[in-house]
Amino acid sequence: MKHMNARAFKALIAMSFAISATVVPISQSFAAGERLGARCTTEGVMTGTSSTSLACVKGANGKLTWQRVKLSSGNGRPVAALTPPKGSIEFWHWRNEDRATLERIIANYEARYPGTKITMNIMPSGDYTATGFAKIRANPKAAVFATFRGAQFNQFAKGDMMTDLSNERFTRQNVISGGMIPGQYEGKQLGIPYHYLFNNPVYNTEIFAKEKWSLPTNFTQLLAWCQAAKKAGYTPLAWSGGFRPNAGQMLNSMLMNSAPDYATLEARIVALDTGKAEITAPWFKEMANKYKRMADANCFPDNATGVTDAAAVALFATGKAAVIPTGTFTMGAVKAVNPAMTGKMNLFSLITTDEKPQYVGIHNNTFILSVNKNSTATDQKIARSFISYLLTGPVAQVFSVGTSQHTTVLDVDYSGNVDLLNTSSWQAKKTLLAPRFLWLNQGVRDLQEDALIAIVGGKPVDATLEDFAKQVKQKLAG
Amino acid sequence: MSVPAFLLYAFLYLYPALNNLRFSTTRWDGIVEPEFVGLRNFSNLMTNDDLFFKVMGNNIRFTLLVVIFQTGFSLLFAILLLKNSRGNVFLRTLYFFPTILSSVSVAMIWLFLYDPNWGAINIFFNKIGLEAFALNWLGSETSALYAIVFSQVWFHTGQMMVIYIAGLQQIPAELYEAAEVDGANRWQQFRSVTWPMALPTTAVVIAYTTIQSFRAFDLIYTMTLGGPNNSTNIFSTLIYLTAFNEFRFGYAAAQTIFMVLMILFLTWLQRRILRTKY
Chain A
1 MKHMNARAFK ALIAMSFAIS ATVVPISQSF AAGERLGARC TTEGVMTGTS STSLACVKGA
61 NGKLTWQRVK LSSGNGRPVA ALTPPKGSIE FWHWRNEDRA TLERIIANYE ARYPGTKITM
121 NIMPSGDYTA TGFAKIRANP KAAVFATFRG AQFNQFAKGD MMTDLSNERF TRQNVISGGM
181 IPGQYEGKQL GIPYHYLFNN PVYNTEIFAK EKWSLPTNFT QLLAWCQAAK KAGYTPLAWS
241 GGFRPNAGQM LNSMLMNSAP DYATLEARIV ALDTGKAEIT APWFKEMANK YKRMADANCF
301 PDNATGVTDA AAVALFATGK AAVIPTGTFT MGAVKAVNPA MTGKMNLFSL ITTDEKPQYV
361 GIHNNTFILS VNKNSTATDQ KIARSFISYL LTGPVAQVFS VGTSQHTTVL DVDYSGNVDL
421 LNTSSWQAKK TLLAPRFLWL NQGVRDLQED ALIAIVGGKP VDATLEDFAK QVKQKLAG
Chain B
479 MSVPAFLLYA FLYLYPALNN LRFSTTRWDG IVEPEFVGLR NFSNLMTNDD LFFKVMGNNI
539 RFTLLVVIFQ TGFSLLFAIL LLKNSRGNVF LRTLYFFPTI LSSVSVAMIW LFLYDPNWGA
599 INIFFNKIGL EAFALNWLGS ETSALYAIVF SQVWFHTGQM MVIYIAGLQQ IPAELYEAAE
659 VDGANRWQQF RSVTWPMALP TTAVVIAYTT IQSFRAFDLI YTMTLGGPNN STNIFSTLIY
719 LTAFNEFRFG YAAAQTIFMV LMILFLTWLQ RRILRTKY
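Each protein sequence line maps, in turn, to chains A and B.
Under this note's numbering, the first residue of the first sequence carries the number 1, and numbering increases by one thereafter.
Under this note's numbering, the first residue of the second sequence carries the number 479, and numbering increases by one thereafter.
Bound conformation, chain A alone:
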């Protein structure tokens, strides 16, 4: 018996060691309590985007517990890149800031598949929006191209320019399926959104620590924080009212908790976009009033409507502003102005309700990669191979670290870029797909954003909304 006890004791020790050696490294990567099978509180929350990540799921018994996350739409593990035939194609997009990283990735791809060549064609984003469609349609060699989420993707889809990627294994197994929605059109996956970015305000963690501020968690706290920050000599939000494209980013956060659910929000925006409703609608007016209350609480810079994008970035990068209400895509520009900002930024929830918020942030999936339907079969094969290569974890990691962008690709290690690492936990938070891009009529959206800019600039809410509602009506009639 004594002998048996000693053997059992040794076996117990060995088992304990084996279990702890397996479980501890995994559980250490989670915050306290986030263990497989343990109870959780918020349905849908995830701990990350790797194959070991967990999600808070409601079981058959109605209890919320941490379960192994299933982020892809297929059941298998991520697949390797497809082998291309020999030949050459062009890759068209607008992101000159990613040129060096993509050149490196393409060089690696070409070295791996000798005889296959990818030539990048990068256009300025304005030109790409304006003339990209016509140029790519006339050029079958442009076998891979990227589109913006929303109006541009829809334009290409409507023009029947993209092949269906729904049944590709890389579509089902290599990417976060929740990030694929912007690349779908009439039930088909016509493009793979590559970027997973956050259109949340970004805050200076050093200033918040120095001033001992805690992050506001509701609208009342937000207004109070704006006043406190202003009093302490900071510009609370470096909002660039003089540059609509970036000023409009804040609209995402303002819309985030403005409707009881996403379907209602979507229906409201579609109604505004198509003229079935006007911006004098009570819900829009309520949101416009919140802009005004924020302006009254000194949340925005002085002369906010004249502040350019460059000035807003400079304000934030030099520590004169505590928050820049654009998104993670601004981090690169901030670090270019002041490299010392590296590692000192994180995402800020702009909560504009005093009730329990449904969402704490905004994400967007864009830079949608598609295969040109007008290309030859061989070129399409190369294109699919190149996309599948971009959708492998190690390649996406090179892209992410090099461009400071999260991607929709599974099993990417963000530890090579401190700002990505600091914000990667946001991929696990309950964020809303940027609603600003639900507007497909750019002219209508511009007018509605101009109305909000005018209100921040001091124009009365009711009269401004009525004036712009009339302009929208005329635009839609034309």
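Bear in mind the hints are in silico, worked out from the structure with no lab data behind them.
Incorrect hints may have been included.
To be verified - Label pairs and their computed distance ranges (CB to CB):
#1 B:Leu752 x A:Glu286: 55 to 61 Å
#2 B:Ile587 x A:Thr205: 31 to 37 Å
#3 B:Ala662 x A:Gln474: 56 to 62 Å
#4 A:Pro245 x B:Ala598: 39 to 45 Å
Positions of the beta carbon are idealized from the N, C-alpha and C atoms, including for glycine.
Could you slot chain B onto chain A? The hints should help.
Quick look at chain B alone, frame taken from chain A:
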């Protein structure tokens, strides 16, 4: 010789112009086949588009101010720097310098200068105690257009000055000598000799400046995108945004026809006024 020239002209100008005329009678998003709508785009422009009339007003104000100030300053600088002394040649080069810059660079420079909180212009006014002049230049509907007019005049005055200098140097010196003998002072010499003799050059400068101000797309697009509240939107920016931002190519084609008609009318008017003078 004239046939190839005509064919080239027809291919590069006539065909696109006629095509534009055709598109103006359609509703077209640039993707699906254009749908024929007759004169609906034109009637809509005339009866149900306040923005179009606002833009027309902006464009007329912009053109008038640019033509008056650009022509005035370029003539003034040309007269002051007419003699080919070393100092004058240096100053001519200096004034001409903005012309060789890219329009986007010029726009970026002025964006920084006009910044309401950190721009050099407002800092200057605040330093000398003229806070009332420190405006939200590009962020206010009342000042944005004038701020861009100033930038446009700064950008192109040097170019027009060179044209004036070339014209003024052709005026025979004997005319001035005769005027001096007759006891004419500097102002009388300008009024009776310089101005009448410079009228043909003025006609060229005004016509060129008018067309240039109608096409002041780059400065406006870079500095304000036509805002705030369309207060700096002119025909060229409106047409671009209608076509390439909203994908309403048919409507943009109709707007283009109005712009061309307006330029033709203004050029005709200018030539008519100036022709009576020389």
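Tested hints:
Between Leu752 (chain B) and Glu286 (chain A) the CB atoms are about 58 Å apart, so this pair conforms to the stated range of 55 to 61 Å. In this structure the hint that Ile587 (chain B) and Thr205 (chain A) lie 31 to 37 Å apart at CB holds, the actual value being about 34 Å. At about 58 Å, the beta-carbon gap between Ala662 (chain B) and Gln474 (chain A) stays in the expected band of 56 to 62 Å. A hinted range of 39 to 45 Å is violated for the C-beta pair Pro245 (chain A) and Ala598 (chain B), which are about 25 Å apart.
The structure fails to meet hint 4 from the earlier list, while all remaining hints are met.
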